[in-house]
Amino acid sequence: KSEDLFLRLPDDIIESIVFILPIKDAVKTSILSKRWRLFWMKTPVLNFDYNLIESTQLKGCIFTVQTVDEDPFQQKRLLFVIRVNNLMSLWHGSKVNVLRVHFSLGKEFTPQLDQWITDAINMGALHTLDINLSFGLHPYCEAYYGNHEKYYDFPSRLLTKEKFSTVRHLTLKCCNLTPSCSFDGLVSLKSLALDIVTLTRSFLKDMPSHGLELEQLSLKKLRMDRDCKLNIDLSKLKYLAIVDCERLRGININGAVELNEFFFAGKHEYCSFKNVPKLVNVSFNCNTDDDYEGVLNVLTKFGHHLP
Amino acid sequence: MKFCTVKQYFDDENNNNVTNGIATTVIPLPNKHLKIKANNKEMEQYEQELLRNVMPQELTKLILAANYLNFKEALDFFCRTVANAIQNKSVDYVRKFFGLESDFEPGEEEKLCKEFAWSFEGVDED
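So the sequences go chain by chain: E and B.
Residues in the first sequence are numbered from 1 upward in steps of one, following full-length UniProt numbering.
Residues in the second sequence are numbered from 1 upward in steps of one, following full-length UniProt numbering.
No lab work stands behind these hints: they were computed from the structure.
Note that the Cβ used here is the ideal one computed from N, Cα and C, for glycine as well.
Check each hint, because a few of them may be wrong.
To be verified - With a straight-line Cα cutoff of 27 Å, these simulated DSSO-like cross-link-like pairs (lysine-lysine) come out: (1) B:K111 to E:K42; (2) E:K190 to E:K95; (3) E:K42 to B:K96; (4) B:K114 to E:K42; (5) E:K107 to E:K150; (6) E:K161 to E:K190; (7) E:K34 to B:K111; (8) B:K72 to E:K42; (9) E:K220 to E:K190; (10) E:K267 to E:K278; (11) B:K89 to E:K42; (12) E:K76 to E:K34; (13) E:K221 to E:K190; (14) E:K163 to E:K278; (15) E:K205 to E:K238; (16) B:K114 to E:K34; (17) E:K205 to E:K236; (18) E:K190 to E:K278; (19) B:K96 to E:K220; (20) B:K72 to E:K95; (21) E:K190 to E:K163; (22) E:K76 to B:K111; (23) E:K267 to E:K220; (24) E:K161 to E:K205; (25) E:K76 to B:K89; (26) E:K34 to B:K96; (27) E:K238 to E:K220; (28) B:K72 to E:K190; (29) E:K76 to B:K114.
Claimed, not checked - Now the in silico label distances, taken between C-beta atoms and shown as ranges: (30) E:K95 to B:Q87: 19 to 29 Å; (31) E:W91 to B:E105: 16 to 26 Å; (32) B:K96 to E:E162: 24 to 34 Å; (33) B:A117 to E:D11: 19 to 29 Å; (34) E:K161 to B:C113: 41 to 51 Å; (35) E:K95 to B:D76: 12 to 22 Å.
Please put together the full structure from these sequences, using the hints given.
Set out below in structure tokens:
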């Protein structure tokens, strides 16, 4: 009788359960019974991360591609890419809402990354794109972030209004947003997080000074070609974080009327505030005495502007 | 507003979908849900409690009830509970959980096993 009960669960409810599972568990459900075979293949949430290969012993894995360097982690990268490609080829859902790739992949995997992102975008329902290629392992981990030449170049042809209009949340880490990437495609975003990303100055200048839907903006360790001033005049912005962006030589926050939280680490004398009635949490990261003085400076200069 | 179907249920005597026992669990839910909606930690505790006290079959009945009553939050919650219960468990465990039996041809199942061998690695002990 208990079997009857589960059999009575309609397909769409079973799908809901399978779609919540991490990809590894979702794929496993295909073996439960004939009815369960294809559910995972329609999941609109694609999260590819270290779990895909975590438990695999590399011994006995046969690679047809010769790994040029003896870096054992390169083998893991290859394995990760093979598995994701396998899953993407079997997947036959009608839409992708979320694509997350959290693994340390560099420029050499450009064709694959391009393919996965393009396929997800082309289905027209992508709302969250999270490409975090920093995953903790040398040589692409944070300590080596000078190695931008080895980073993946995010395809600028995808950053257009037509293609990117459904995306609401974008996170990029350890990528290059050059050349010719314009802010045009990002105007529908609600949240944007760029971390260890190479940009051109014109990209930031292109950011419209008002009218954006942006509610959360996080810029960390940006690598830019030239010094830049940033005007934050975003009326819907609630959270702003600017960390270690050496080339941002002027940050004017003026008219961000919804701004509630601001986190900053870097040269403080470059900040200025105006018209931020809701600003409640402000954190300045002080690493040196100079920094501390700089903060006092900012606060005394603009204290009367802060609520 | 969520309970127009409840009235219908009580009026409909031939209703097999929701037994009385289940109704007493599901109906107080909206109040509890509203109370603990803001507090994630409490939700987790409630979920643990639910998992311990409620057999999988009961959970299915709860899901069916929530579905019938069109109670989306409860449905999402129960589905998440089920998902958490079967995460990182072996295929046998999950089959037992759902009361499923394999209806594959012997060769078919082996083939699937091989294809996704990596997904069976590192599961919890049953």
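For each hint, the structure was consulted:
Taken as a hint, the K111 of chain B and K42 of chain E pair is honoured in the structure, with Cα atoms around 21 Å apart against an allowance of 27 Å. Taking the CA atoms of K190 of chain E and K95 of chain E, the gap is near 20 Å; set against the 27 Å cutoff, the hint holds. Only pairs whose Cα atoms come within 27 Å are accepted, and K42 of chain E paired with K96 of chain B is accepted, the gap being roughly 24 Å. Pair hint K114 of chain B plus K42 of chain E holds up; C-alpha atoms about 21 Å apart against a cutoff of 27 Å.
At roughly 5 Å between alpha-carbon atoms, K107 of chain E and K150 of chain E fall within 27 Å of each other, so this suggested pair holds. Restraint check for K161 of chain E and K190 of chain E: the C-alpha separation of about 14 Å stays at or below 27 Å, so the hint holds. Note on K34 of chain E and K111 of chain B: the hinted pairing holds, with a Cα-Cα distance of about 13 Å set against a maximum of 27 Å. At roughly 21 Å between alpha-carbon atoms, K72 of chain B and K42 of chain E fall within 27 Å of each other, so this suggested pair holds.
The hinted pair formed by K220 of chain E and K190 of chain E meets the criterion: a straight-line CA distance of about 18 Å does not exceed 27 Å. Between the alpha carbons of K267 of chain E and K278 of chain E the distance comes to roughly 24 Å, so the proposed pair stays at or under 27 Å and holds. Pair hint K89 of chain B plus K42 of chain E holds up; C-alpha atoms about 21 Å apart against a cutoff of 27 Å. Between K76 of chain E and K34 of chain E, the direct Cα distance comes to roughly 32 Å. Violation of the 27 Å bound is thereby established for this hinted pair.
Distance restraint check for K221 of chain E and K190 of chain E: the Cα-Cα separation of roughly 21 Å lies within the 27 Å cut-off, and the hinted pair is therefore satisfied. For the hint linking K163 of chain E to K278 of chain E, the alpha-carbon distance of about 34 Å lies beyond 27 Å, and the restraint is violated. Of the pairs offered as hints, the one joining K205 of chain E and K238 of chain E holds, with about 20 Å between alpha carbons and a cut-off of 27 Å not exceeded. As the CA atoms of K114 of chain B and K34 of chain E are separated by approximately 16 Å, the hinted pair is consistent with the 27 Å bound.
For the given pair, K205 of chain E sits about 19 Å from K236 of chain E by alpha-carbon distance, which is consistent with the 27 Å threshold. Between K190 of chain E and K278 of chain E the alpha-carbon distance is near 19 Å, which keeps this suggested pair within the 27 Å criterion. Between the alpha carbons of K96 of chain B and K220 of chain E the distance comes to roughly 48 Å, so the proposed pair goes past 27 Å and is violated. Distance restraint check for K72 of chain B and K95 of chain E: the Cα-Cα separation of roughly 22 Å lies within the 27 Å cut-off, and the hinted pair is therefore satisfied.
Note on K190 of chain E and K163 of chain E: the hinted pairing holds, with a Cα-Cα distance of about 16 Å set against a maximum of 27 Å. Proposed proximity of K76 of chain E and K111 of chain B is supported: the alpha carbons are some 24 Å apart, at most 27 Å. Between K267 of chain E and K220 of chain E the CA atoms are separated by roughly 13 Å; this keeps the pair inside 27 Å, and the hint holds. For the hint linking K161 of chain E to K205 of chain E, the alpha-carbon distance of about 17 Å falls within 27 Å, and the restraint holds.
Of the pairs offered as hints, the one joining K76 of chain E and K89 of chain B holds, with about 24 Å between alpha carbons and a cut-off of 27 Å not exceeded. For a cut-off of 27 Å, the pair hint linking K34 of chain E to K96 of chain B stands: about 16 Å separates their Cα positions. Restraint check: the Cα-Cα separation between K238 of chain E and K220 of chain E comes to about 17 Å, which is no more than 27 Å; the hinted pair holds. For the proposed pair K72 of chain B and K190 of chain E, the alpha carbon gap of about 25 Å is at most 27 Å, so the pair holds.
As the CA atoms of K76 of chain E and K114 of chain B are separated by approximately 20 Å, the hinted pair is consistent with the 27 Å bound. Against the hinted window of 19 to 29 Å, the Cβ-Cβ separation of K95 of chain E and Q87 of chain B comes to about 24 Å, which satisfies the hint. For the hinted restraint 16 to 26 Å between W91 of chain E and E105 of chain B, the CB-CB distance of approximately 24 Å keeps it satisfied. A hinted range of 24 to 34 Å for the beta carbons of K96 of chain B and E162 of chain E is inconsistent with their spacing of about 50 Å.
Taking the beta carbon of each, A117 of chain B and D11 of chain E are about 27 Å apart, inside 19 to 29 Å as hinted. Remark: the range hint 41 to 51 Å for K161 of chain E to C113 of chain B is upheld by a beta-carbon distance near 46 Å. The hinted range of 12 to 22 Å is satisfied by K95 of chain E and D76 of chain B, whose Cβ atoms lie roughly 19 Å apart.
This entry does not satisfy hints 12, 14, 19, 32, going by the numbered hints stated previously.
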